[in-house]
Amino acid sequence: MTTTDARTVGEDLRQRVADFLAEHDHTTMDRLDFLRARYDAGLAWVNFPEGHGGLGLPRALQGQVDAQLAAAGAPDNNPRGNGIGLGMAAPTILAFGTEEQKKKFLRPLWTGEQVWCQLFSEPGAGSDLAAVSTRAVREGGDWVVNGQKVWTSSAHKAQMAILVARTNPEVSKHAGLSYFLCNMDAPGVDVRPLRQITGEAEFNEVFLTDVHIPDSQRLGDEGQGWRVATATLNNERVAIGGGGGGRESGMVGVLAKSWREHPERRGVGQHDKLLRLWVDNEVARMTGQRLRQKLAAGEPGPEGSAMKLTFARIAQEASGMELELLGEEGLRASDWTMKRPQHVDFTGRDAVYRYLRAKGNSIEGGTSEILRNVISERVLGLPSEPRVDTGIAWKDLPR
Amino acid sequence: MSDLNLLYTDVEDDLRSSVRDLVAARSEPASVAAVYDGDRSVVDPLWRAIAGDLGLAGLLIPEERGGAGASAREVAVVLEELGRSVAPVPFLTSSVVATTVLLAAAPGGAADDLLAGLAAGERTAALVLPLAAGPGDEAPAFAVDADGRLTGSARSVAGALEADVLLVPVGTAGGTAVYAVPAADARIEPVVSLDMTRQLADVTIEGAAGQELLGGAQGGDAVARALEVGAALLASEQFGVAQWCLTTTITYLKDRRQFGRVVGGYQAIKHRLADLYAAVESAGAAARYAAAATAEDDPDAVVSTAVAQSFCSDVAVKAAEEAVQLHGGIGMTWEHPAHLYLKRAKADQIAFGTPATHRARLAELVDLPAPVPVG
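So the sequences go chain by chain: C and Y. Reading the first sequence from the start, the letters are residues 1 to 399 in the UniProt record's numbering. Reading the second sequence from the start, the letters are residues 1 to 375 in the UniProt record's numbering.
Keep in mind that a hint or two might mislead.
Label-pair ranges, simulated between beta-carbon atoms [claimed, not checked]:
| no. | chain 1 | residue 1 | chain 2 | residue 2 | range |
| --- | --- | --- | --- | --- | --- |
| 1 | Y | 151 | C | 272 | 36 to 42 Å |
| 2 | C | 10 | Y | 370 | 50 to 56 Å |
| 3 | C | 272 | Y | 221 | 55 to 61 Å |
| 4 | Y | 367 | C | 81 | 31 to 37 Å |
| 5 | C | 224 | Y | 69 | 34 to 40 Å |
Pairs of lysine to aspartate or glutamate residues, derived as DMTMM-like cross-links and limited to a Cα-Cα distance of at most 20 Å, are as follows [what the hints assert, rightly or not]:
| no. | chain 1 | residue 1 | chain 2 | residue 2 |
| --- | --- | --- | --- | --- |
| 6 | C | 294 | Y | 10 |
| 7 | Y | 346 | Y | 321 |
| 8 | C | 294 | Y | 3 |
| 9 | C | 257 | Y | 10 |
Coverage of chain Y stretches by chain C, computed from C-beta distances (three or more under 8 Å per stretch; other residues unrestricted) [said to hold, decoys possible]:
| no. | region |
| --- | --- |
| 10 | 270-279 |
| 11 | 317-331 |
| 12 | 362-371 |
Worth flagging that the hints you see were computed from the coordinates, not collected in a lab. Glycine is no exception: its CB is placed at the ideal position from the N, C-alpha and C atoms.
Here chain C stands alone, though its shape is the one from the complex (with noise of 0.2 Å):
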């Protein structure tokens, strides 16, 4: 596309954004209304195709298309009350589903009816996620589910699960998954809170026992799970790594504010150390930048992991450097009861929280060390350790 192509595209959009809201009155339509009726026009996320909420135009235009309905004070689908459902359901269901599966879930997930969670991770299958043991058996038109997933944020509250369950334990572990679309409200799923160092229980266990899903709701074939959990996961660690924020975005941001509203608190040591960091954290955003260029014509390859990585490592350096420029203040921490947060958000609450909360963010949608693996085989083409978990039907496994 050559720039003046681009631009052309940018103010077809923002005239159609200006017709939509003339058409659409805000202030007196229902909120659920005016989302679906966003939805149906296109403008819910415009790198969708027309139909499922887009209008197959780049990616980087729907912030033009946020701002624009922001600044006229229409309500938006509340991004952050259904991280997973936006950032990794809808991108797996695009990619996978049928027309009905798109046509059923896409508008609701989109307009936060249907807040998602997604029950991948097992006591028994972390970092080797392909070993998880949670079986699906046929039963009729019917898929029985029975099994205990780990790590669940949102489960609480959401609708709807993005599943992994092991469909043929006699084939190798990579081949024998299927991937689900669960109802969180089946008979049989039992969520219970799981607490962490912070406190908090943002996590969950979900325990499912007898749970049925219909064949219908089965995202790509049979025995193709792991190939489906993989685009997910991609999803997930540009969801985590990619920022898309601006300049001092996430701890950094919370650090440079601690330095230039506390001189009392700089150190001669910390201050080259904040400034790499500060630079650290510009070349993240200018990667991300790049990236989301990137993307604009496809799907995240596992160019993704790297964002990730380099994501968590200043989360946690910027966090810790924090408490130790708060010195004595950084001793005390503000509350340690047992609460279910509403929405998680790295950068919040107080200093403490946010050293003990980043800790997570070098474990959580791959470990440091896993992506690390995915960076050096699946980019840069090095061989894998020695495995002895290939070539054997899962059931046969050590475990």
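Starting from the known structure of chain C, fit chain Y onto it as the hints suggest.
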């Protein structure tokens, strides 16, 4: 902060291929290494081919002044390739830094002929400042008398050995002026340099006649701008150096076997390479951002230059050090080209301001002041 395009255009990709093909044909690692032993026969033909045959010396010069009318974006792509091949040519010093100084002179003046000569690849210029001088550093060490004769000296100047004309910053009552002096009229003493692929020289001028190109009102800004552009685009060279180190090391480790296995399959090695990959990719984005911001004269250009220099300098050094280490014994030999990259990377880290000085600049630019000393 505008949404600068950080991708390469088709034109830039084509440019990259032609530079890569030419350098591959004209400069082998062995002939580059020979410059350390005093054999500089690779330099002239390579530079003539790049400057003249490909016409790259005039990239930054507008068409109406005889150049190609390209921008810092294209120049950055050339520098990536020259970094990737540690090419011993004065492209950065003549076609970027000296050219940027001259472009500050209004058309129709004394700089025109020189610019046309540079654009045609017939002449080569150098700004007489230490390679270590960065944006904001004090410039002139040279004085001019009433007859227009210059006196002074500068140490560790890059590009002077290859130049036929020197651009000399001169302190005057009205500010820093810039004079042109034929290289033949100066004493240019080669320095045994850390990086002999960008060999330095000590330049002494004792009463040589100079021609004023920029007066005291303009020269200081022109020199500062040239150092700014030089620093911004050096980042692309550093990215090229880093990328060569990373890819060469990976290729080697896919082949090298110890204990019956490919060394690149050991996790201790893979994780180091994954970290290096993340750093090199980030350096590519930072360098590209600085080039794009410079090309568009973006208000963010100064910050992005300080960011790119702070980041890319260290990544290039890290990549070269990892290349030496992960090649094992062979990486320590004169025969393997890794040392050419280590020397270039380390010299580039100091060139146009060290990373620490760029961070100190940044502290002022983005309002993160240093602590006030107590007492």
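Given pair status - residue 10 of chain Y, residue 294 of chain C, alpha carbons within 20 Å: holds, 14 Å
Within 8 Å of chain C (C-beta), three or more residues of the region 362-371 of chain Y: With 8 residues in contact (Cβ-Cβ under 8 Å with chain C), the coverage given for the region 362-371 of chain Y holds.
Pair hint outcome, residue 257 of chain C versus residue 10 of chain Y [Cα-Cα no greater than 20 Å]: violated, 42 Å
8 Å C-beta criterion, at least three residues: is the region 317-331 of chain Y covered by chain C: violated (count 0)
Agreement of residue 294 of chain C and residue 3 of chain Y with the hint, judged by alpha carbon distance not exceeding 20 Å: Within the cut-off at roughly 13 Å; holds.
Verdict for residue 10 of chain C, residue 370 of chain Y (Cβ pair) under range 50 to 56 Å: Violated, at about 43 Å.
Satisfaction of the hinted span 55 to 61 Å by the C-beta atoms belonging to residue 272 of chain C and residue 221 of chain Y: Taking Cβ atoms as reference, residue 272 of chain C and residue 221 of chain Y lie about 29 Å apart, which means the hint is violated.
Proposed proximity, residue 321 of chain Y with residue 346 of chain Y (alpha carbon, max 20 Å): Given that 20 Å is the threshold and the Cα spacing comes to 9 Å, the pair holds.
Supplied distance hint 34 to 40 Å, evaluated on CB atoms of residue 224 of chain C and residue 69 of chain Y: violated, 53 Å
Outcome, coverage hint (the region 270-279 of chain Y, chain C; C-beta under 8 Å; three residues): holds (count 7)
Cβ separation of residue 151 of chain Y and residue 272 of chain C, checked against the hinted range 36 to 42 Å: With a Cβ separation near 39 Å, residue 151 of chain Y and residue 272 of chain C satisfy 36 to 42 Å, so the hint holds.
Whether the CB-CB distance between residue 367 of chain Y and residue 81 of chain C falls inside 31 to 37 Å: holds, 34 Å
In the structure shown, a violation is registered for the earlier hints numbered 2, 3, 5, 9, 11, in ascending order.
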